[in-house]
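S.K.: Spelled out, the chains give:
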Amino acid sequence: MDIDALLMQSLQLLGLGMGAVFIILTLLIVIISIVSKIVPVEVSPPPALPTQGIDPAHVAAISAAVHQYRKNR
Amino acid sequence: MDIDALLMQSLQLLGLGMGAVFIILTLLIVIISIVSKIVPVEVSPPPALPTQGIDPAHVAAISAAVHQYRKNR
Amino acid sequence: MDIDALLMQSLQLLGLGMGAVFIILTLLIVIISIVSKIVPVEVSPPPALPTQGIDPAHVAAISAAVHQYRKNR
Amino acid sequence: MEQGLLQLWASTGLYNFTPGQLIMIAVGGLLIYLAISKGFEPLLLIPIGFGGILANIPIAGIAGPDGLLGILYHAGIETGVFPLLIFMGVGAMTDFGPLLARPSLMILGAAAQFGIFFTLFGAIAMNLIPGMEFSMADAAAIAIIGGADGPTAIYVASRLAPDLLGAIAVAAYSYMALVPIIQPPIMKALTTEEERKTKMTQLRKVSRLEKILFPLILLMVTILLLPSATPLVGMLCFGNLLRECGVVERLSSTAQNELINIVTIFLGLSVGSKLAADKFLSAETLGILMLGMVAFSIGTAAGLLMGKIMYRVTGKAVNPLIGAAGVSAVPMAARVANKVGLQANPQNFLLMHAMGPNVAGVIGSAVAAGVLLSVIG
Amino acid sequence: MEQGLLQLWASTGLYNFTPGQLIMIAVGGLLIYLAISKGFEPLLLIPIGFGGILANIPIAGIAGPDGLLGILYHAGIETGVFPLLIFMGVGAMTDFGPLLARPSLMILGAAAQFGIFFTLFGAIAMNLIPGMEFSMADAAAIAIIGGADGPTAIYVASRLAPDLLGAIAVAAYSYMALVPIIQPPIMKALTTEEERKTKMTQLRKVSRLEKILFPLILLMVTILLLPSATPLVGMLCFGNLLRECGVVERLSSTAQNELINIVTIFLGLSVGSKLAADKFLSAETLGILMLGMVAFSIGTAAGLLMGKIMYRVTGKAVNPLIGAAGVSAVPMAARVANKVGLQANPQNFLLMHAMGPNVAGVIGSAVAAGVLLSVIG
Amino acid sequence: MEQGLLQLWASTGLYNFTPGQLIMIAVGGLLIYLAISKGFEPLLLIPIGFGGILANIPIAGIAGPDGLLGILYHAGIETGVFPLLIFMGVGAMTDFGPLLARPSLMILGAAAQFGIFFTLFGAIAMNLIPGMEFSMADAAAIAIIGGADGPTAIYVASRLAPDLLGAIAVAAYSYMALVPIIQPPIMKALTTEEERKTKMTQLRKVSRLEKILFPLILLMVTILLLPSATPLVGMLCFGNLLRECGVVERLSSTAQNELINIVTIFLGLSVGSKLAADKFLSAETLGILMLGMVAFSIGTAAGLLMGKIMYRVTGKAVNPLIGAAGVSAVPMAARVANKVGLQANPQNFLLMHAMGPNVAGVIGSAVAAGVLLSVIG
Ligand code: NA
Ligand code: NA
Ligand code: NA
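Residue numbers (the working numbering), protein chains in the order written: chain U, 119 to 191; chain A, 119 to 191; chain D, 119 to 191; chain X, 6 to 382; chain V, 6 to 382; chain Y, 6 to 382.
Looking at chain U on its own, in the form it has when it is part of the complex (with noise of 0.2 Å):
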């Protein structure tokens, strides 16, 4: 294939290629923007607490030791 023929062809591939892009993504943007509507908004689940990221095993080891010095005293 010569060059010009080459050079037509990756111009095509640029518009079409372009063309895919948009119309997906914008085809995308569409239907998501309808499903947001759609879906039901979620409740927001209850405040974290403020032990939470501590394993509770680690808490109830503290909690004893605290106890068990009070209890030594």
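For the record, the hints were derived by calculation from the structure and aren't laboratory data.
Derived contacts from chain X toward chain V, CB cut-off under 8 Å, selection only:
| hint | residue |
| --- | --- |
| 1 | Pro-47 |
| 2 | Ile-58 |
| 3 | Ile-62 |
| 4 | Ile-76 |
Each residue gets a CB set at the ideal place from its N, CA and C atoms; glycine is no exception.
Fit chains A, D, X, V and Y with the ligands to the supplied structure of chain U, relying on the hints for placement.
M.R.: Only chains A, D, X, V and Y with the ligands this time, still in chain U's reference frame:
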């Protein structure tokens, strides 16, 4: 193979299969029962410590914290 | 191949192999020794904290527990 | 330019879809929906459903010999590697303690396999219906659904009837998910209130040595009597030995976590690749779904009846409900037995008692698979 | 004995090296150096660089058909399995929440793909330079570097121009690492101070159901319009569904940790096996490096210009800087947008706003890859 | 019916067993017993032993070309992939710090390789015994047992003498497990009480940069002098670079955990598939077991003698006991050196000092493997 022969063969398979399943599982029951009598009963491990399941490092840290506190008083 | 030739070849391999092992490891010793002199000595990191190896969250929890205890007295 | 647009249009899915593909994509979506919303065996049905969607995309050829799903299928299902590795993981995750504590209950796991062989007969009988055509190999692959054990079903189907694999796997996992709906009516119909109230004595403690010896004993018995079952039983035993021996913790952990997870993803996608329209949308699939249901029900009933026999023989020491757990579907069927037991008597905790027949059912259906592969395969 | 020593000498690397191999080993070392010292995408460039060294060892044949790298390449790159599994992992690691919160910004991720197609044209034009020779397939494989997405680039290159794979992968990951250097000047040149100061309103909370539906919707749209993009998009969606559905936590975790790590090691080494002197040390590689830079720059510029359009259309509700994040290079490009925004206005946190176009860019380049594979492949 | 029962009986293991298979199943059981009860390298010997059992089941064909073990063997051992991945994991798990702190001790790891080459000579000499027949390739594969390094032995045996692989792997891992029994008498016989009491000065701190450079230096030296060792050494270095570079923590962690665990399971089972009766139950296996013992002992002795030389040359700055650790068998041999040292002097902690020669021994035997593969392979 005509349908009658197939039906006959599947009946045979029914007998064969259930036979094999029962023989093997029954043999297992017998062997396991014998083994359970031969195998020495395990000496039960010492009663679980209250700190079981908590990393020794944490216990150490807690002890240290409490100890430190005592000293500082 | 007759046994004598095999024995001779294995003797050669002994020399060749031990030679290769010693040459390569000796060369490594030389290069590593040189490199260790070129490479700048690392500034040693600050001394390890006594709580090293314990998750900060646990330390926080312990501190909080002890603090809480102090306050509650 | 116009020609270019035509060519473009000709390369869209819209242009190339066949109705069958659209239906199969909907089926894939349905499986995903059931898995997420209803909790139907999501670990398998999400990959299978998604694989089913991917397999029915026109042009892309994802399930073809050069597509990802085709490659995975060829490497892992055709060879049997994936189900065997899953079985190793199952072994590493299974505690045979309850079974060892009271080995006689294993007989319940044997009885429930009647569902498999009865269904085999039923599948052959279905040939009398015009339009249905099941060979002996097809019938055996379908019957194994009654084993209520996913990897066993996939392994047998991949060996005996690869074309039916998609439908068989979907039926097997769907019915396992449906155990809490399928089993209770049968359990209530076949047992009396008094039987269901039966309490069982606490299980004895099983020593570590017994647990280590069990996979080896199981393997030896299988080797001696039914070598054709040893690929399945062997990997189950290997996984369980890794678990119980206590000296290869890291291998055991990998077998029951990362490795089984990776293989589950691959296996699910591969099985999904068999949800092709031309194979799935046929009268045979309807037959498979029907026979699968029969297999589950008959297996449950057989387990229950054997439970009733044990109830009498042992002088009411065995609650017949735990017989239903003999079909396997671990641990769902054991939980169902526990739940129905609690309904009859709120103090009646059958879970651990049902786990014995439950895991015995896994062994039982692997043995049944061995018989089928040996005679037909 | 003398002959033996000669034979030994003839089996050393010293005797057998070609200059090209020495240079390539240096190139491998350079990649490793950049990865460790400068933080250039170390997860990929360390395995690629090391693979490049191993591939250029004389005699050993590690990249040959019987060597480890050759075997891995054959099993995972030629088949496309490795990049697709990586894409699944990327899907499992990606939170599409920001994109769903404001879907219109996705258009920025579309615009930035202009870099790909402009570069395709540029690569073909390069044939006018004597010594350069790029076929249409070569040009497409090079252009995809502009997608700023590693697995996509590797997947396309392995299909269209395997000989250029090494150079393309190196260019793609290097430029991704260079995003913080390449993008800011372009961003500052194309936007005004006032534009850069633009604050954006906080994103709305996205519900769990929307997140579950998104991968399915994306897959459906791709199936309908561009089936040839579905291997890539499909695995991305599958991974994301595992993440968001909430019922297969263990599969999701494996997909985004152990499995992607294992595949990353294998993929990197395999790609490195394509750093053979005769393929890499050529004028083409220089062309690839140049074109890759062009692709990144044009893509960034196109995203920014579309950002400026949105800035006007929305009445200054969109900061044009986030358009630059549309090239993907997740999450680096989004961070760069955030940083440049902060320089203009210390109260201006664009990170989450930029994540939307950023992940849209991943989808955009997978779509672009689908077009290239469909028309040329 | 009668015929059916006969056919059934003919498909049992009982009917089909050959005596050799029974013996090999007992051997597999023995390996598992030693692994669990005596702690003999359980990570390898449990999978190998179990694989050996599975391989000797009549009819099932698990080690055949279509069986699981045969497939794994073909994919991972024949290609060399499994041992090389294990070596990568070993690299990721190895801290070369002690070696770098005092590089001169590496010479001890060189000396201990004498065990390999002496055994090669011994194996060839064994041909003088009627009934023994070892080719040069066989002899080399056997000799590498003296390297006291599992993956190296498996890699070399799979290349030079696949038929002997089972026996060689079993011997290698068994003797590694027996190091605490084999080495101490030799250590005590060859050293004086005074020598054993020698304390060594504390090791200097090694900088991070030295640790990063080491795998690259090692690889370069190997490339220049012995390219045929680079598959093994290269993967060791790659794993170690992942570990030390500090920027790919997740790859390093996967290489030394999940990936090596998965490959260990597969490798063990595959090696076990070579425990077929006809290959294992032969005079050759006895010869291999004997020669392996010789190799370990001579290697230990050579390391010790070199240790004594260093003791003198350095003016008693080196305890000769650490020479025994030069055989590798990481970290067992180093622990044994430490223990024997403590017996002579309770204040004498040799562990870290012995780790240098210990890991040098890994490099040394990989180099020796390279020589063997280059000259014979
Ligand atoms: Na079952
Ligand atoms: Na992109
Ligand atoms: Na060694």
